[in-house]
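Residue numbers (this note's numbering), protein chains in the order written: chain A, 1 to 571; chain B, 1 to 209.
Fair warning: there could be bad hints in the mix.
Unchecked claim - With beta-carbon atoms standing in for the labels, derived distance ranges: (1) 152/B <-> 312/A: 37 to 43 Å; (2) 50/B <-> 239/A: 55 to 61 Å; (3) 33/B <-> 367/A: 33 to 39 Å; (4) 113/B <-> 282/A: 51 to 57 Å; (5) 7/B <-> 244/A: 56 to 62 Å; (6) 271/A <-> 184/B: 42 to 48 Å; (7) 14/B <-> 282/A: 27 to 33 Å; (8) 295/A <-> 7/B: 55 to 61 Å; (9) 128/B <-> 235/A: 16 to 22 Å; (10) 13/B <-> 312/A: 16 to 22 Å.
What the hints assert, rightly or not - Sample of chain A residues with no beta-carbon within 10 Å of chain B, all distances over it, derived: (11) 39; (12) 51; (13) 52; (14) 123; (15) 143; (16) 210; (17) 214; (18) 250; (19) 297; (20) 360; (21) 383; (22) 394; (23) 399; (24) 419; (25) 482; (26) 491.
Note that these hints are calculated values from the structure, not bench results. Note that this is a predicted model, so its numbers are computed, not measured. Even glycine gets a Cβ: it sits at the ideal position worked out from N, Cα and C.
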Amino acid sequence: MMPGRAYRRALERRRRSLQLRVVATTLVVSAAVVAVVGLLVASQIRDSVLSGKVDDSLNQAARTLSDFDTSVGKPSTTPLGLDNQLYRAVVSANNTGGGKYFVALTGTGNTVTRLIPPPSVDFPATVGASLQAAVSSKSTERAWQYAKIVYKGDRPGSQSGLVIAQPAAVTDATSPGATGEYRLYVIFPLGHEAQTLSLVQNTLLLGGIGLILLFAGIAWLVARQIIQPVRHTARIAEMLAAGRLQERLAVRGTDELAKLGLSFNKMADSLQRQIRELEDLSRVQRRFVSDVSHELRTPLTTVRMAADVLHAARGDFPPAVSRSAELLQHELDRFEALLVDLLEISRHDARAAVLEADSVDVGDLVRSVVDRSRSHSERTRCALELEVPDEPVYAEVDARRVQRIVRNLINNALEHGEGQPVRVTVAASEDAVAVLVRDLGVGLRPGESTLVFNRFWRADAARARSSGGTGLGLAIALEDARLHGGWLQAWGETGRGANFRLTLPRVAGEALRSSPLPLEPEETEPESPDLNGKATSHQPARPALLPVTVRGIGQPRPSDPTTPSSEVLRG
Amino acid sequence: MLGIVLRGEGFEPFFVEDGDKAMAVFRECKPDLVLLDIMLPGTDGIEVCRQIRAESGVPIVMLTARADTLDVVVGLESGADDYVMKPFKSKELVARVRARLRRKDDAAPELLTIGEVTIDVAGHTITREGEVIALTPLEFDLLVALARKPARVFTREMLLEQVWGYRHAADTRLVNVHVQRLRAKVERDPEKPQVVVTVRGVGYKAGPP
């Protein structure tokens, strides 16, 4: 259940892959573009917001510093301490406007001397060593940098800010010990600006994501517009393939997709026409075979009965007439057999042969065929051996056809067995059943193992046989095996005999993977003595006369290396 | 030619050239057996077969040129007892004809039962709850063959040999079609047969008495 569903999902994904691919590509590209643009815009905004603040802060710091009278305790002024001086400067600067800020005064050793307002800022953590160093080394220059203001005390936390530092020389008349070099730090919190910036960034981010999604959506819609007709076409193509030849695409407009639809429909039309023609041909062919069958058989019946009467009365005739009656009888048998075989093979050719599969014990079936071949076996002086598994071997096969295949194989083996025993073996595996017919006759020359199934094939024209096959037996057997979805294979070696193996699936319609019996005999098997030493070869049994007759009515000429120079009428 | 052969074997044949006249001649000469060519001018052989079967149980042997098409099955279903495929040998035809004409007249009084059906072998009648069922001689023979050995399963080949007189396995469709026809007459529900029971993959046997 689960693998099935997963498989269906995978199929579904695959089915939609083009659309998915378009959407994914659009997503990636638009994300990259939006990210680059967004970052640029964000940094631009940040720069302009901060540079304004920095300018303001620097001005304010300058004012503070200018207000800060470094001469403490001069007679001209109110004698105030350094603290008060500093405080006054801060207050006066604050009064002139600007945001809230902190001022710190440190000695050269960077120890905080004063911090206004006291003392929530963690000074060492806020003012980086680099700024301190910069102020120390360039004693007259004002320096600034962004910093993180760290608070301590009741409400610890941090906030981005700006630190401006300047050296200051202080002379303290009231307290000579305080006179000396100081550093004055002005610290501006950037809380407001940070808020603005984060708002801008968030807006940009949200806008960017929205834009990407919008692009993806558009891509999805556009891809869908293209893919929908393609999918539809694919569906119709599937239906056509499944045999619903009347299915067509609905074509709208004149765009490229409409053109595709038009050509597709044209293709379907021509396919349908051709298939119809073939069907008609096949029907005509079947009808013809059926008619020929009837038209030939009805007069043949009369000929047959006449021949029977003549044959029965042959004792009363002069010898020449009596012999003629015998010949007539004999050749009529052969003619009937040939007619039956020809009709059968043309039925296969017209695909009119139908498998009537039923559960059958193949071992039993082969046994009955072998029993019926006993008289033939005595005539050809080939012993007939049978090896069948003890338990029944059931398989879904068409008993009539399998009997015919096995009969053909056995007849063929008896014809070419050269008086050596013919062995018939039945074996079964889980999904297949095999029948192997082994003879120890003259065998097959290399390459002949496929030729033997050709119609009217004969390797050696001079070879005359006592019993008349039609030359179609193995060809029909092969078609019958194919109809079962089975195999019919031949193996042979000159002087070692030949093997014919029929393999059929035990369940009708199942595919075959292997055969329960080997096609080639094992090497240890004793070789049959090649008595005559002649490289005559295995061939389907047939009378010498018939191939010429049949070729005359347009049967394809067999690929025959040794063309018969003369055909002999035998009686 | 057929006439020469049949007369030579001691039969007295009547010939009808046209399917339309077949029934008139049939009623007139009351044959012991009908040889019927499926391909007839006028009414075709199948229809003639049906008409004959409608009024008589006389053995019918079909002559056909197409043994593997539906013709055979249709012919058997319309009532033919057996068929001979053209071209046939005279001996074969005569053997088929004789097999159909051979009646077991020496049957001892014998009563057989399968299911609800009672068979009076000597009287050639079959009854179900006192009601007579009309069977053709072939259908009767088929039923008797099964009923005589109630425990035994008959393969189609065995039935062909015993009832039709074939020495070699022939077309098992003969058995299938006639079992169907027999069931249509003797079973209450031919879909669920009680009298002639199918043994899957093997053949048929008589139902329990």
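Evaluated hints:
About 40 Å separates the C-beta atoms of residue 152/B and residue 312/A, a value consistent with the hinted range of 37 to 43 Å. Checked against the hint of 55 to 61 Å, the C-beta distance between residue 50/B and residue 239/A comes to roughly 43 Å, which is inconsistent with it. Between residue 33/B and residue 367/A the beta carbon distance is about 35 Å. The supplied range of 33 to 39 Å therefore holds. Taking the beta carbon of each, residue 113/B and residue 282/A are about 53 Å apart, inside 51 to 57 Å as hinted.
Evaluation of the 56 to 62 Å hint for residue 7/B and residue 244/A yields a pass: the beta carbon distance comes to about 60 Å. A hinted range of 42 to 48 Å for the beta carbons of residue 271/A and residue 184/B is consistent with their spacing of about 46 Å. In this structure the hint that residue 14/B and residue 282/A lie 27 to 33 Å apart at CB is violated, the actual value being about 42 Å. Between residue 295/A and residue 7/B the CB atoms are about 27 Å apart, so this pair departs from the stated range of 55 to 61 Å.
One distance hint, 16 to 22 Å for the beta-carbon pair residue 128/B and residue 235/A, is violated here, with the actual separation near 58 Å. Our hint of 16 to 22 Å for residue 13/B and residue 312/A holds, since their Cβ atoms are close to 18 Å apart. Under the 10 Å C-beta cut-off, the non-interface status given to residue 39/A relative to chain B holds; the minimum distance is some 80 Å. The claim that residue 51/A lies off the interface holds: its Cβ sits roughly 97 Å from the closest Cβ of chain B, which is beyond the 10 Å cut-off.
Taking the minimum C-beta to C-beta distance to chain B, about 98 Å, the non-interface status of residue 52/A holds against the 10 Å cut. With 10 Å as the threshold on Cβ separation, the claim that residue 123/A sits away from chain B holds: the shortest Cβ distance comes to roughly 102 Å. For residue 143/A, the requirement that its beta carbon stay farther than 10 Å from each beta carbon of chain B is met, with the minimum near 105 Å. Non-interface call for residue 210/A relative to chain B: holds, since the shortest CB-CB distance, roughly 70 Å, exceeds 10 Å.
Every CB of chain B is more than 10 Å from the CB of residue 214/A (nearest about 67 Å), matching its label as outside the interface. Distance check on residue 250/A: its Cβ is at least 41 Å (rounded) from any Cβ of chain B, clearing the 10 Å threshold; non-interface status holds. A cut-off of 10 Å between C-beta atoms contradicts the statement that residue 297/A is not in contact with chain B; the least separation is 4 Å. A beta-carbon of chain B is positioned within 10 Å of the beta-carbon of residue 360/A; the least distance is around 8 Å.
Every Cβ of chain B is farther than 10 Å from the Cβ of residue 383/A; the closest lies at roughly 22 Å, confirming the non-interface assignment. Look at residue 394/A: its CB is around 7 Å from the nearest CB on chain B, not clear of 10 Å, so calling it non-interface is violated. Listed as outside the interface, residue 399/A is inconsistent with that label: its C-beta sits roughly 8 Å from the nearest C-beta of chain B, within the 10 Å cut-off. Even its closest Cβ contact with chain B, about 27 Å, leaves residue 419/A beyond 10 Å, as expected for a residue assigned away from the interface.
At roughly 18 Å from the closest C-beta of chain B, the C-beta of residue 482/A stays outside 10 Å, upholding its exclusion from the interface. The Cβ of residue 491/A lies farther than 10 Å from every Cβ of chain B, with a closest approach of about 30 Å, so its non-interface assignment holds.
Hint violations for this structure: numbers 2, 7, 8, 9, 19, 20, 22 and 23, all remaining hints satisfied.
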